[in-house]
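Given the coordinates of chain A, assemble chain B onto it according to the supplied hints.
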Amino acid sequence: GPKVLQIPSHQIIDMGQMVTLNCDPVSNHLYFYWYKQILGQQMEFLVNFYNGKVMEKSKLFKDQFSVERPDGSYFTLKIQPTALEDSAVYFCASSLSGEGTEVFFGKGTRLTVV
Amino acid sequence: GEQVEQRPPHLSVREGDSAVITCTYTDPNSYYFFWYKQEPGASLQLLMKVFSSTEINEGQGFTVLLNKKDKRLSLNLTAAHPGDSAAYFCAVSAGYGNEKITFGAGTKLTIKP
Numbered sequence: 001g002p003k004v005l006q007i008p009s010h011q012i013i014d015m016g017q018m019v020t021l022n023c024d025p026v027s028n029h030l031y032f033y034w035y036k037q038i039l040g041q042q043m044e045f046l047v048n049f050y051n052g053k054v055m056e057k058s059k060l061f062k063d064q065f066s067v068e069r070p071d072g073s074y075f076t077l078k079i080q081p082t083a084l085e086d087s088a089v090y091f092c093a094s095s096l097s098g099e100g101t102e103v104f105f106g107k108g109t110r111l112t113v114v
Numbered sequence: 001g002e003q004v005e006q007r008p009p010h011l012s013v014r015e016g017d018s019a020v021i022t023c024t025y026t027d028p029n030s031y032y033f034f035w036y037k038q039e040p041g042a043s044l045q046l047l048m049k050v051f052s053s054t055e056i057n058e059g060q061g062f063t064v065l066l067n068k069k070d071k072r073l074s075l076n077l078t079a080a081h082p083g084d085s086a087a088y089f090c091a092v093s094a095g096y097g098n099e100k101i102t103f104g105a106g107t108k109l110t111i112k113p
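Quick mapping for you: the protein sequence lines, in order, are chains A and B.
Here my numbering is used: the first residue of the first sequence is 1, the next is one more, and so on.
Here my numbering is used: the first residue of the second sequence is 1, the next is one more, and so on.
Same shape as in the complex, but just chain A (with noise of 0.2 Å):
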């Protein structure tokens, strides 16, 4: 079925460096979304993303994070500068359209923040 890719599958970084987490959504899906997800607790809604602009961001969303897709290509999640508490799993989702439509998630990638 359809798949979204997530890369790296890892990454730990320095407190304070900036990190971008990379995301291949579903090629014909047009909305694009970020969750987070602290080990051992639920995964929480960060952000979502349609026609180039940001719907709808949660209190998550700290004014460090950003998204962007460039040209149709990866969806990224850019935090500069990271804090430790950015540690978690941020997982990646898209869909074909906004409303009750499967939302496929990718695997996340493991930020660790030292």
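In case anyone wonders, no lab produced these hints; they're calculated from the structure.
From the three backbone atoms N, C-alpha and C, an ideal C-beta is built for every residue, glycine too.
Any given hint could be a false lead.
[Stated by the list, open to error] Dumping the calculated DSS-like pairs for lysine-lysine here, alpha-carbon to alpha-carbon at most 25 Å:
| id | chain 1 | residue 1 | chain 2 | residue 2 |
| --- | --- | --- | --- | --- |
| 1 | A | K3 | A | K53 |
| 2 | A | K59 | A | K78 |
| 3 | A | K107 | B | K108 |
| 4 | B | K49 | A | K107 |
| 5 | A | K3 | A | K59 |
| 6 | B | K49 | B | K68 |
| 7 | B | K49 | A | K3 |
| 8 | B | K49 | B | K37 |
| 9 | B | K69 | B | K49 |
| 10 | B | K71 | B | K108 |
| 11 | A | K53 | A | K107 |
| 12 | B | K49 | B | K71 |
| 13 | A | K3 | B | K108 |
| 14 | B | K49 | A | K57 |
| 15 | A | K107 | B | K68 |
| 16 | B | K37 | A | K3 |
[As the list claims (entries may be wrong)] Negatives, chain A to chain B, calculated, CB over 12 Å:
| id | residue |
| --- | --- |
| 17 | G1 |
| 18 | D63 |
| 19 | Q64 |
[As the list claims (entries may be wrong)] Here are some of the chain B residues that sit facing chain A, going by a computed Cβ distance under 7 Å:
| id | residue |
| --- | --- |
| 20 | S43 |
| 21 | M48 |
| 22 | V50 |
| 23 | K100 |
| 24 | F103 |
| 25 | A105 |
Chain B only, in chain A's frame:
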């Protein structure tokens, strides 16, 4: 905003027994309900999507019940087998067009031989 509570966080049943996972939600406008399965190291796999108009939905080896009055959603695995061992997540969406999905905290299900 929407709050989704999922119980239990951990569940262990014997092979062949049934397993029930329950979620409650708060937003009465919730319209789409999902159950996802996540095996270790894998992405979320959609088990079933249900709409608020349907109360009972049957899949392969499981049943999803939706009680809108009580705002409760349950996943009932019948005759569990080792392949059912995984984490299960319920999720809820109001379907306003932005597809913001609110997840439960997950249930780690272990099937014992």
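A quick look at each hint next to the structure:
1. K3(A) - K53(A): It holds: about 23 Å lies between the C-alpha atoms, which stays within 25 Å.
2. K59(A) - K78(A): Holds: K59(A) and K78(A) sit about 16 Å apart, inside 25 Å.
3. K107(A) - K108(B): Answer holds: K107(A) to K108(B) is near 17 Å, not above 25 Å.
4. K49(B) - K107(A): Since the Cα atoms of K49(B) and K107(A) sit roughly 20 Å apart, the hinted pair holds (cutoff 25 Å).
5. K3(A) - K59(A): Distance of about 28 Å is beyond 25 Å: violated.
6. K49(B) - K68(B): This hinted pair holds, its Cα atoms lying about 15 Å apart.
7. K49(B) - K3(A): With Cα atoms ~18 Å apart, K49(B) and K3(A) stay inside 25 Å; holds.
8. K49(B) - K37(B): Measuring from Cα to Cα gives roughly 12 Å; hence the hint holds.
9. K69(B) - K49(B): Cα-Cα ~19 Å, so holds.
10. K71(B) - K108(B): holds (22 Å)
11. K53(A) - K107(A): holds (24 Å)
12. K49(B) - K71(B): holds (16 Å)
13. K3(A) - K108(B): holds (24 Å)
14. K49(B) - K57(A): Status holds; Cα separation ~24 Å.
15. K107(A) - K68(B): violated (32 Å)
16. K37(B) - K3(A): Since the Cα atoms of K37(B) and K3(A) sit roughly 15 Å apart, the hinted pair holds (cutoff 25 Å).
17. G1: violated (9 Å)
18. D63: The claim stands: D63(A) keeps its Cβ more than 12 Å from every Cβ of chain B (closest is about 20 Å).
19. Q64: holds (21 Å)
20. S43: This hint holds: S43(B) lies near chain A, its Cβ roughly 4 Å from the closest one there, short of 7 Å.
21. M48: violated (10 Å)
22. V50: violated (11 Å)
23. K100: holds (6 Å)
24. F103: holds (4 Å)
25. A105: A105(B) check passes; min Cβ-Cβ to chain A is 4 Å, inside 7 Å.
Of the numbered hints listed earlier, those contradicted by the structure are 5, 15, 17, 21, 22.
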